[in-house]
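Under this note's numbering, think of the first position of the sequence shown as 1169, with each following residue one higher.
Because the hints were derived from the structure by calculation, they are not lab data. Cβ atoms here follow ideal geometry from the backbone N, Cα and C, with glycine treated the same way. One or more of the hints may lead you astray.
To be verified - Restraint-style ranges between C-beta atoms, simulated for each label pair:
1. Pro1444 to Leu1329: 17 to 25 Å
2. Gln1321 to Pro1444: 21 to 29 Å
3. Arg1325 to Gly1617: 19 to 27 Å
4. Ala1493 to Ala1327: 32 to 40 Å
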Amino acid sequence: MNRNETLDGLRRSPKVDVCVLGGGINGLSVFRELALQGVNVLLVDKADYCSGASAALSRMVHGGLRYLENGEFSLVKESLMERDRLLRNAPHYVAPLPTTVPIFDTFSGLANGFVRFLGLTRRPSRRGAIAIKTGLGIYDFLTRKRALMPKHQFRSRKATLAKWPSLNPSIRNSATYYDAWVSHPERIGIELLQDALSAGPNAGALNYATVEQAGEGAYLLRDDLTGETLPIVPRLIVNATGGWIDIANRTLLTGADAPAPLMGGTKGSHLIVDNPALRDMLDGHMVYYENEDGRICILFPYLGKVLVGSTDIRVDDPGTVRCEADERDYILQSLAFVLPGVNIRPEEIVFQFAGVRPLPASKDSFTGRIPRDHFCTVLEGKDGGPSVLCMIGGKWTTFRSFGELAADMALDRLGQARRVDTGERAIGGGRGFPSDRAGWIRNVSASTGVSVSRVETLFKRYGTEAEDVARFIAAEDDRPLPHEGYSVREVLYLIRAEAVEHLDDLLLRRTTLAISGELSLGMVDAALNVLAVEKGWSAERTAAERDRFLTLMRERHGVAEQTLSARNEQRSERCETTARSG
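The whole structure should be built from the sequences, with the hints applied where relevant.
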């Protein structure tokens, strides 16, 4: 991911076949698809890769059980197929997740669900046992040939409360089925990027850069890190900016008739809760439940904490979204409904995040009825400018098939044929994934000299790419950082190999330190020091970067500097306890 090489290439020749705008999961997917076909393709993102909605998903990899009542059978079938592909192609980050649905009625939702299916009402209603049983039967039927996971099962009220005694005692039954979850979605995005760039010099990518029209079909690329501008001449533009699609189109299509709005996104907010009793009570299951208003909510164990969400609120400006106080209260109220005996204290909320679902424009009064499917539409250029292929909708689970769809449309316009299929192509650290993990870890430890315990930690973070990280760590003297399992050399590897330009790139997306609630002020300063030395930043530039990151954590993620400082003391106490026990 050499930024200078990409810029040098554009200085030599501004012509590219395709310019992909948007480095979220869908933009990265179509970029990868095109790069592997040998297309001369450039990816540009105004911020960091996977820093928008692709960093704010519910961490679920699923078929979309509730989409069945909208009649979106083809989407559910496609999603389940892509879910199963991710289980095979990215086993280092995607794993099965037993999902339990508390059921409070038997017949409720049948009539209302039928008229919703026919499009005669938008009103949500509680789903009863028969409606849920029918949906899960369809789920099992759609995956019957692959059968990667067990079929669903029903439990009686007695059996349910025996296993989860904290559940609302008003339940009648529960149902358990299997979907999947993703531990490091932003890292999958980085691995897609690396796969694309490995295709050869035909592929280049830039974060923190923008494309703007320069008149009569001409465009300028602006490097937002240096302010440099370069001409760029694409044959086709792919607008994969998600919630920003309409905003981007107004910039790209100046001189053309203003297109009708294509996007009508809704905001989803989530909380990360540090409550060991709640985490242990879940017993590895996700609880997929309806709040009293019919809105679907979730909670499941995530990286040692519990993820709870979410909301579904229309928004106009995707750049300003954050989890507001009323959303936090709504999520906690929903949790209190399904688990009335669980009390979450404010200090147990260690992280919060929000993102905009890139849904197609819709005037539907009930946001849950807006289609979750994806499609592409082409806006023809004017004044000799290139056409713009817009990627509309999409859910995280289907990023590969959506990228494939957009790439095939682009290839058709370019007059080129597909030569590489990605359906069964392993992603990043999923390549060569060992059946004998312990043996693989021992072998890497023996060949690099890095301890078995450290390689095991690296394997959990990077899959089989842990070997490259271990070799980099072992190449020179290393020093620990103020977090168990991280060191200067590991952080330096991420900075050099993964296009880290700001501190939040490192702490929010290349690692899970922030979202897991494990980030302390000491670790912030230590990581910043490594980054500043590598980038050659001045003291003033380093201080500004620190302020930038702490402001982001406070305003977007609900984590104050005092909280990060308090974690220094907690870490010291843990270290002292470990030393005494040792």
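Do the hints match the structure? See the list:
1. In this structure the supplied range 17 to 25 Å holds for Pro1444 paired with Leu1329, their Cβ-Cβ distance being about 21 Å.
2. A hinted range of 21 to 29 Å holds for the C-beta pair Gln1321 and Pro1444, which are about 28 Å apart.
3. For the hinted restraint 19 to 27 Å between Arg1325 and Gly1617, the CB-CB distance of approximately 57 Å leaves it violated.
4. Taken as a hint, the range 32 to 40 Å holds for the pair Ala1493 and Ala1327, whose Cβ atoms sit roughly 38 Å apart.
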